[in-house]
Amino acid sequence: EPEVTQTPSHQVTQMGQEVILRCVPISNHLYFYWYRQILGQKVEFLVSFYNNEISEKSEIFDDQFSVERPDGSNFTLKIRSTKLEDSAMYFCASSADRDSYGYTFGSGTRLTVV
Amino acid sequence: GEDVEQSLFLSVREGDSSVINCTYTDSSSTYLYWYKQEPGAGLQLLTYIFSNMDMKQDQRLTVLLNKKDKHLSLRIADTQTGDSAIYFCAESSGYSSASKIIFGSGTRLSIRP
Numbered sequence: 001e002p003e004v005t006q007t008p009s010h011q012v013t014q015m016g017q018e019v020i021l022r023c024v025p026i027s028n029h030l031y032f033y034w035y036r037q038i039l040g041q042k043v044e045f046l047v048s049f050y051n052n053e054i055s056e057k058s059e060i061f062d063d064q065f066s067v068e069r070p071d072g073s074n075f076t077l078k079i080r081s082t083k084l085e086d087s088a089m090y091f092c093a094s095s096a097d098r099d100s101y102g103y104t105f106g107s108g109t110r111l112t113v114v
Numbered sequence: 001g002e003d004v005e006q007s008l009f010l011s012v013r014e015g016d017s018s019v020i021n022c023t024y025t026d027s028s029s030t031y032l033y034w035y036k037q038e039p040g041a042g043l044q045l046l047t048y049i050f051s052n053m054d055m056k057q058d059q060r061l062t063v064l065l066n067k068k069d070k071h072l073s074l075r076i077a078d079t080q081t082g083d084s085a086i087y088f089c090a091e092s093s094g095y096s097s098a099s100k101i102i103f104g105s106g107t108r109l110s111i112r113p
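Note that the protein sequences, when read in sequence, are chains U and E.
All residue numbers for the first sequence refer to the working numbering, where the first residue is 1 and numbers rise by one.
All residue numbers for the second sequence refer to the working numbering, where the first residue is 1 and numbers rise by one.
Don't take each hint at face value.
Calculated lysine-lysine pairs in the PhoX-like style (CA-CA distance at most 20 Å, straight line) [what the hints assert, rightly or not]:
(1) E/68 x E/56
(2) U/42 x U/57
(3) E/36 x E/56
(4) E/100 x E/36
(5) E/100 x U/57
(6) E/36 x U/42
(7) U/42 x E/100
(8) U/78 x U/57
(9) E/70 x E/56
Away from chain E, derived, C-beta distances all over 12 Å, residues of chain U [claimed, not checked]:
(10) 37
(11) 53
(12) 56
(13) 65
(14) 66
The set of hints was computed from the structure by calculation and includes no laboratory data.
The beta-carbon is built from N, C-alpha and C at its ideal position, and this holds for glycine as well.
Just chain U, same shape as in the assembly (with noise of 0.2 Å):
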């Protein structure tokens, strides 16, 4: 079964350092999303992606936040300067069209801001 990949696993990362995690979403899949999950907390919608742009974005997302596809296969989370509160696992997910019901998640990074 077609599976969304990300990686790393799992990244530890100094406070003010940028961090890129990275995704390979399912290969004939248009919609790209992030989530997040800090420790305890709920799943957290971050941002959705189709057509090489943001389509909604949360609160969350803010300046310190982008998304990129540099290629036809990848999909790429960019947090330019890791606070602490950045700490939690990364979920990427992608769905194939509008009328795909669900997405498809990834395992998830852990990210670790020391």
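Assemble chain E onto chain U, guided by the hints.
For chain E alone, coordinates are given in the frame of chain U:
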């Protein structure tokens, strides 16, 4: 704003039915979902229901929706040890199923022998 609430823990005996409950606040919800998360894994879509449906059955899974009370439940028949996981209730109110999803906190289901 939109919110989804569910109890944090549920313990059932192997072979019994599990019922996980959820309430949501957004009256314009169009899609409601149940996701499963096993340790170290991502969020796996288990099933979904449209807001104009009352019930959906899929093998051992039964979803009931009470739109008036904004209450969603997931029943797992003949619960097995492999059903141990965190179950997330979620809703989407967008015009398409590609819209953002609002998740509950997840219910950790544990199975007693």
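Against the structure, the hints:
1. E/68 x E/56: holds (17 Å)
2. U/42 x U/57: holds (17 Å)
3. E/36 x E/56: OK: residue 36 of chain E and residue 56 of chain E at ~17 Å, within 20 Å.
4. E/100 x E/36: holds (18 Å)
5. E/100 x U/57: holds (9 Å)
6. E/36 x U/42: This hinted pair holds, its Cα atoms lying about 14 Å apart.
7. U/42 x E/100: Given that 20 Å is the threshold and the Cα spacing comes to 14 Å, the pair holds.
8. U/78 x U/57: Given pair residue 78 of chain U, residue 57 of chain U holds - Cα atoms ~14 Å apart, limit 20 Å.
9. E/70 x E/56: holds (16 Å)
10. 37: violated (8 Å)
11. 53: Residue 53 of chain U is indeed farther than 12 Å from all Cβ atoms of chain E, at 14 Å.
12. 56: Residue 56 of chain U not clear of chain E: closest Cβ-Cβ about 6 Å, inside 12 Å.
13. 65: Label holds. Min Cβ-Cβ 15 Å, cutoff 12 Å.
14. 66: Residue 66 of chain U is indeed farther than 12 Å from all Cβ atoms of chain E, at 18 Å.
Figure legend: structure checked against the earlier numbered hints; hints not met, in rising order: 10 and 12.
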